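Chemist: Listed below, chain by chain, are the residues.
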Amino acid sequence: MTKKHLVLDNGSYSIKAGFSTDESPCVVQNLLAKAKDGVVYIGNDYLKHTNLYSGINFRRPHDQGHLTSWETEKPVWDYTFDQVSPLCELDPLDTRLLLTEIPFQLPRLSMNTDLIVFEEYGFSEYYRCPAPLLVPWDVEGKPQDFTLVIDCGYNSIHVVPVLYQRVYWKGIRKLPIGGRHLNGLLKETISFRHYDVSDEPILINTVREQTMFVASDFEEALKNKASAKCEFILPDFKTTFTGYVRDGSTKPPADAQSIQLFDERFTIPESFFKPEIMLDHNLYSKNPIVQKAHFKNLTDLVVESIMACPDIIRPVLLENINVVGGTAKLDNLTERLISELKRELPVNWNVKLTDQTHDVSEVAWYGGKRLIEEDIMRKLTITKQDFFEHGENWCQKQFGFENF
Amino acid sequence: MLVEEIPKTINPNSATIYFLSLINLQARPTQKSAENQSEDSARSEKNRPKVNYNITDLLNAQTQLNYNSGTVNGGTFKSSHQMQLEKLITKRLTELNKESPNPTFELPKMFAYTSIHKTLSAADKKKIRHGNSLAAKKILAARRNFNSYLDEEKNWIWTNTIQGVHFSFAEQNWELASKKRKNYSEPVLKPKVRLCSMCGSRSPYSRCGACGLYSCSVRCRRLHFELRCV
Numbered sequence: 001m002t003k004k005h006l007v008l009d010n011g012s013y014s015i016k017a018g019f020s021t022d023e024s025p026c027v028v029q030n031l032l033a034k035a036k037d038g039v040v041y042i043g044n045d046y047l048k049h050t051n052l053y054s055g056i057n058f059r060r061p062h063d064q065g066h067l068t069s070w071e072t073e074k075p076v077w078d079y080t081f082d083q084v085s086p087l088c089e090l091d092p093l094d095t096r097l098l099l100t101e102i103p104f105q106l107p108r109l110s111m112n113t114d115l116i117v118f119e120e121y122g123f124s125e126y127y128r129c130p131a132p133l134l135v136p137w138d139v140e141g142k143p144q145d146f147t148l149v150i151d152c153g154y155n156s157i158h159v160v161p162v163l164y165q166r167v168y169w170k171g172i173r174k175l176p177i178g179g180r181h182l183n184g185l186l187k188e189t190i191s192f193r194h195y196d197v198s199d200e201p202i203l204i205n206t207v208r209e210q211t212m213f214v215a216s217d218f219e220e221a222l223k224n225k226a227s228a229k230c231e232f233i234l235p236d237f238k239t240t241f242t243g244y245v246r247d248g249s250t251k252p253p254a255d256a257q258s259i260q261l262f263d264e265r266f267t268i269p270e271s272f273f274k275p276e277i278m279l280d281h282n283l284y285s286k287n288p289i290v291q292k293a294h295f296k297n298l299t300d301l302v303v304e305s306i307m308a309c310p311d312i313i314r315p316v317l318l319e320n321i322n323v324v325g326g327t328a329k330l331d332n333l334t335e336r337l338i339s340e341l342k343r344e345l346p347v348n349w350n351v352k353l354t355d356q357t358h359d360v361s362e363v364a365w366y367g368g369k370r371l372i373e374e375d376i377m378r379k380l381t382i383t384k385q386d387f388f389e390h391g392e393n394w395c396q397k398q399f400g401f402e403n404f
Numbered sequence: 001m002l003v004e005e006i007p008k009t010i011n012p013n014s015a016t017i018y019f020l021s022l023i024n025l026q027a028r029p030t031q032k033s034a035e036n037q038s039e040d041s042a043r044s045e046k047n048r049p050k051v052n053y054n055i056t057d058l059l060n061a062q063t064q065l066n067y068n069s070g071t072v073n074g075g076t077f078k079s080s081h082q083m084q085l086e087k088l089i090t091k092r093l094t095e096l097n098k099e100s101p102n103p104t105f106e107l108p109k110m111f112a113y114t115s116i117h118k119t120l121s122a123a124d125k126k127k128i129r130h131g132n133s134l135a136a137k138k139i140l141a142a143r144r145n146f147n148s149y150l151d152e153e154k155n156w157i158w159t160n161t162i163q164g165v166h167f168s169f170a171e172q173n174w175e176l177a178s179k180k181r182k183n184y185s186e187p188v189l190k191p192k193v194r195l196c197s198m199c200g201s202r203s204p205y206s207r208c209g210a211c212g213l214y215s216c217s218v219r220c221r222r223l224h225f226e227l228r229c230v
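Protein chains in written order, with my numbering: chain D, 1 to 404; chain G, 1 to 230.
By construction, these hints were calculated from the structure, which means they are not laboratory data.
Please note that a few of the clues may not be correct.
As the list claims (entries may be wrong) - Here are the simulated PhoX-like pairs of lysine-lysine, each with C-alpha atoms no more than 25 Å apart in a straight line:
| no. | chain 1 | residue 1 | chain 2 | residue 2 |
| --- | --- | --- | --- | --- |
| 1 | G | K87 | D | K286 |
| 2 | G | K87 | D | K296 |
| 3 | D | K384 | D | K397 |
| 4 | G | K109 | D | K292 |
| 5 | D | K225 | D | K170 |
| 6 | D | K170 | D | K384 |
| 7 | G | K192 | D | K225 |
| 8 | D | K48 | G | K98 |
| 9 | D | K352 | D | K296 |
| 10 | G | K98 | D | K296 |
| 11 | D | K329 | G | K98 |
| 12 | D | K36 | G | K109 |
| 13 | D | K397 | G | K137 |
| 14 | D | K229 | D | K329 |
| 15 | G | K109 | G | K190 |
It should be emphasised that the depicted structure is a prediction, and the values quoted were computed from it without experimental measurement.
Using the sequences and the accompanying hints, generate a full structural model.
Modeler: What follows is the structure, encoded as structure tokens:
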């Protein structure tokens with residue numbers, strides 16, 4: 001076969017795309033950016049214009065994790081296709097596409113996606129699946145039969161059991177808190193304690209990526225919050241454009257502005273384990289419904305997800321926990337989750353984290369790269385002829401989820 | 001899907017739902033789904049109305065009927081309490097979602113990505129922006145957000161599933177009475193964390209009567225009244 005195989009992991013923060021022959025994926029931020037100069041930049045283009053970082057606006061095609069706005073997504077895809085094949089134009093007619101989406105995407109929106117893939121781009125073969133399904137495939141040799149995938153995305157965290165290379169729909173749990181909500185909380189905290197940063201999305205994201213961590217013991221960490229002190233030098237747009245964490249060796253310029261971070265470094269990510277932190281805000285905390293409500297945290301959801309699976313495979317599933325996604329890069333998140341799980345579950349169950357061979361945000365892409373070469377893909381994909389013969393509902397029936 | 005004859009005496013407890021063509025005609029969805037017309041109906045006489053045998057649409061029509069007539073109750077239905085909580089959570093999440101001041105800025109009229117491989121004429125650009133086929137054009141020009149799509153399919157079976165998964169972390173119908181956990185699927189209620197709204201430390205006191213936020217010391221409490229309390 002001379003066909004080219006394209007894997008496109010369409011994340012809500014960044015697209016990971018590349019041909020199955022490529023070494024590593026090409027990462028493109030999934031957004032359109034409009035800066036002060038009024039120009040709209042596509043994908044990674046805005047990164048070069050460091051002087052425009054302040055006051056930039058982002059427009060993302062995903063709304064609450066669902067791929068909604070195609071007028072935003074189309075330019076980004078066009079841009080991505082040029083990035084993956086810089087030498088010649090990508091020919092969709094000769095390409096098999098593997099595309100990811102979030103679990104339980106609204107069927108209407110999935111059908112829109114199918115339609116764009118076939119009618120607008122005209123790919124010859126196509127397979128669409130939730131991103132966690134691809135994670136077990138990122139191994140040498142045969143993929144594991146029982147895998148628990150915890151996909152920590154920009155919009156939400158999904159806990160997905162994958163049994164025999166199939167998504168077990170009944171076991172899926174979701175915590176609708178992701179990287180962007182941490183950004184939102186951080187923005188509120190910094191705006192309250194230091195400066196107003198509501199129009200500095202890049203700064204906020206940098207502060208989160210560089211300073212945040214999950215405490216191994218939240219109570220202890222709160223008691224010694226002075227030891228978590230960290231000084232972040234704000235960008236002055238002369239020596240630094242993004243800002244950086246001050247370390248002992250370098251001396252920042254004398255007029256550099258900085259903010260000191262203490263407990264926010266670990267209190268904000270603690271929302272994964274104590275979702276009520278997110279709702280501690282005037283408008284909500286005075287409401288008796290919120291005051292009385294109890295929330296399940298990430299650990300509870302993982303336990304629930306496992307308990308929704310057939311009982312004999314539960315312990316096996318726990319021995320193969322895969323934490324993937326961009327937000328999983330958060331310091332200490334996986335370690336904390338594993339230790340909490342050990343506390344929740346029977347002592348004779350072996351809770352074990354599987355080490356990822358690749359960058360956690362790109363695991364699904366590497367899995368897809370492996371899967372698309374397998375023979376089984378020929379049975380799974382839908383060809384253009386099939387689509388035009390059977391229609392969009394049929395596509396959803398092949399790729400869609402089970403209701404319960 | 002198996003075709004079977006409808007038995008003359010239907011057991012009222014039977015789970016099978018039988019569709020008569022008459023029902024189909026009533027429940028015919030308003031949206032166009034020309035591709036789904038089965039071949040049989042296409043062959044039928046001209047003046048006979050076309051019947052859509054798409055099973056998903058039929059199921060949806062049935063659930064919608066059930067909702068409207070109120071025959072479905074219990075089970076998936078939520079208390080008003082839960083609905084209010086979900087509304088509040090949604091509101092808060094949208095607030096935190098907001099990344100930059102104007103996340104839905106307008107795109108210029110002629111906005112499209114210019115390929116590095118070929119130069120495009122204005123007509124090509126228009127095509128890229130607006131799409132090739134009629135259906136694609138419609139999607140590319142939709143300008144709708146997720147909630148508008150969700151509202152449209154509010155009563156359909158899958159929306160229930162999607163929303164159920166989304167809010168599963170905030171479900172309030174746990175077995176509160178059972179002190180001792182019998183199996184692991186019942187989570188234990190843990191005390192909620194109380195953090196001072198000013199300095200972020202742990203607060204040993206109860207909520208502020210006016211706004212519900214915590215404070216950890218007299219100093220913070222005073223500051224809180226000055227700055228954060230409504």
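Chemist: Against the 25 Å threshold, does the CA-CA distance of K109 (chain G) and K190 (chain G) hold or violate the hint?
Modeler: violated (53 Å)
Chemist: Check whether the Cα positions of K36 (chain D) and K109 (chain G) lie no farther apart than 25 Å.
Modeler: holds (19 Å)
Chemist: Does K296 (chain D) lie within 25 Å of K352 (chain D) when you go C-alpha to C-alpha?
Modeler: holds (22 Å)
Chemist: Given the hinted pair K229 (chain D) and K329 (chain D), is their alpha-carbon gap at most 25 Å?
Modeler: holds (21 Å)
Chemist: Hinted pair, alpha-carbon criterion (25 Å max): K329 (chain D), K98 (chain G). Please report holds or violated.
Modeler: Holds: K329 (chain D) and K98 (chain G) sit about 22 Å apart, inside 25 Å.
Chemist: Are K109 (chain G) and K292 (chain D) close enough, with their CA atoms no more than 25 Å apart?
Modeler: violated (49 Å)
Chemist: Taken at face value, is the distance from the CA of K397 (chain D) to the CA of K384 (chain D) at most 25 Å?
Modeler: holds (16 Å)
Chemist: Given the hinted pair K87 (chain G) and K286 (chain D), is their Cα-Cα distance within 25 Å?
Modeler: Between K87 (chain G) and K286 (chain D) the Cα gap is close to 15 Å, so the pair holds against 25 Å.
Chemist: Would the hint linking K87 (chain G) and K296 (chain D) be met if the CA-CA limit is 25 Å?
Modeler: holds (17 Å)
Chemist: Regarding the pair K397 (chain D) and K137 (chain G), is the alpha-carbon distance no greater than 25 Å?
Modeler: With a Cα-Cα distance of about 24 Å, the restraint between K397 (chain D) and K137 (chain G) holds, given a limit of 25 Å.
Chemist: Between K98 (chain G) and K296 (chain D), does the CA-CA distance stay at or below 25 Å?
Modeler: holds (24 Å)
Chemist: Is the straight-line distance between the alpha-carbon of K48 (chain D) and that of K98 (chain G) 25 Å or less?
Modeler: holds (24 Å)
Violated hints for the displayed structure, listed by number in ascending order: 4, 5, 6 and 15.
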